[in-house]
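J.: The listed protein sequences correspond, in order, to chains E and X. Add 1 to the 1-based position in the first sequence for the working numbering, that's all there is to it. Add 1 to the 1-based position in the second sequence for the working numbering, that's all there is to it.
Please keep in mind that the hints were generated in silico from the structure rather than gathered at the bench. Treat the numbers as computed from the prediction; the structure is a model and nothing was measured. You may find that some hints are simply not true.
For chains that are exact copies, the list does not tell them apart, and a pair is met inside one copy or across any two.
No more than 20 Å apart at the CA atoms, straight line, and that leaves these computed lysine to any residue pairs for SDA-like [to be verified]:
1. Lys30 <-> Glu122
2. Lys30 <-> Leu157
3. Lys30 <-> Thr139
4. Lys30 <-> Leu105
5. Lys30 <-> Ser115
6. Lys75 <-> Arg15
7. Lys30 <-> Arg154
8. Lys72 <-> Gly88
9. Lys75 <-> Leu95
Spelled out from the first residue to the last, the chains are:
There are 2 protein chains.
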Amino acid sequence: MISPLLLPPRPVSRTKQIHYIYDRLWVVKLPASTEWVLHCATTLAQLDPGASASTVQLAEYYDLPSAYLAKQLKALVRAGLLAATTGPRGGFRLARPASEITLLQIVEAVDGTSSPYECREIRQQGRGALPPEECRRTCILAAKMAEAHDAWRGSLAGVTLAGILATLPPSAPARTRLRLTGTA
Amino acid sequence: MISPLLLPPRPVSRTKQIHYIYDRLWVVKLPASTEWVLHCATTLAQLDPGASASTVQLAEYYDLPSAYLAKQLKALVRAGLLAATTGPRGGFRLARPASEITLLQIVEAVDGTSSPYECREIRQQGRGALPPEECRRTCILAAKMAEAHDAWRGSLAGVTLAGILATLPPSAPARTRLRLTGTA
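Next comes chain E alone, as it looks inside the complex (with noise of 0.2 Å):
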């Protein structure tokens, strides 16, 4: 299924489709359902304990479609950040302390664990292609690279949502009850 989200602003032919979504594929962005599932995940954060809010609250509380959102939510529920209850009151809560989840975990539960740059071995074809045994090494270019996604994933794996409640206001999460769920 394609995302409602991706497609142009109005409806237009095929051709043009294509042409809108390579234009975006050379900018380099992380999907909108970033955004929602790190909003969502800090939203269920201030529940008390033992509550959940459904699919349902959460795209209302954010005016987001639910079916798609709820396509990210079960992707959080698969990494073991969020855990799915059932029934007529059922819905989502933190899996584990909110002490114990970081933004890491819950970006690369919707987006993937890997790195943005892809080395295609450019090295090892053409004129200049380097011998098998002169390529048993990661490329040194590949190599810092992946120290810059590493540098990425180490600011973000230092934020836990624990830390994230902590900025908000005192007020914060007695609103966001009331606002989700209809209990402050």
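Got chain E sorted already, so can you dock chain X onto it with the hints?
T.: Relative to chain E, chain X alone:
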């Protein structure tokens, strides 16, 4: 113009092309040309002072499409990293010493400087919308994602082309010159 590099491996219908690209969109990746420019800049850094190499020479050296490579090299010229020389022996050379060109400058010349995370201010929409006066400061989640991007940038800003060259075998530059321009 759509880069042939982004097309599916075999000719397929327009609709299938769209699905193919959408699938790729969810995996956040830098374009293949990021690898090209990193390698081409490293290669040009191995030329003798004042020497240059043409797009065709670089394209043959790495077996890359020369028209598209030319577009990327021009972006490096616009960024002040390469200098373009004209005439029958014209081409590209570094615009400044290899010790003053960083991997970050090269990557951002072709991929832009913005963070892959886009804050769409969902905190201000839906039932949970925060009032504008509570949103004067950057969203804490966007701020943490920006810090991670800064960590990535800082890592790449710490690596110069001179530093990369220092890791190559002593025999590498002469071989590079011979294969690239036919003069060792």
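J.: Please sort lysine 75 with leucine 95 into within, between, both or neither, judging by C-alpha distance up to 20 Å.
T.: Classified as within: same-chain Cα gap 12 Å, cross-chain 49 Å, threshold 20 Å.
J.: When no copy is named, should lysine 30 and glutamate 122 be tagged within, between, both, or neither for a Cα gap of at most 20 Å?
T.: between (24 Å within a copy, 16 Å between copies)
J.: State whether the alpha carbon distance between lysine 30 and leucine 157 is at most 20 Å within one copy, between copies, both, or neither.
T.: both (17 Å within a copy, 18 Å between copies)
J.: Reference check for the pair lysine 72 and glycine 88, CA-CA at most 20 Å: within, between, both, or neither?
T.: Result: close within a single copy only, 18 Å intra versus 57 Å inter.
J.: With 20 Å as the alpha-carbon cut-off, assign the pair lysine 75 and arginine 15 to within, between, both or neither.
T.: Neither: 31 Å inside a chain and 31 Å across chains, both beyond 20 Å.
J.: If the cutoff is 20 Å on CA atoms, where do lysine 30 and serine 115 land: within, between, both or neither? Let me know, please.
T.: Both ways: lysine 30 and serine 115 sit 14 Å apart in one copy and 9 Å across, limit 20 Å.
J.: Up to 20 Å between alpha-carbons, please classify lysine 30 paired with leucine 105: within, between, both or neither.
T.: Answer is both; intra-copy 16 Å and inter-copy 17 Å each pass.
J.: With identical chains treated as interchangeable, where does the CA-CA distance between lysine 30 and arginine 154 reach 20 Å or less: within a copy, between copies, both, or neither?
T.: both (16 Å within a copy, 15 Å between copies)
J.: Have a look at lysine 30 and threonine 139 and pick one of within, between, both or neither, based on CA distance no larger than 20 Å.
T.: between (26 Å within a copy, 19 Å between copies)
Violated hint: 6 only; the structure is consistent with all others.
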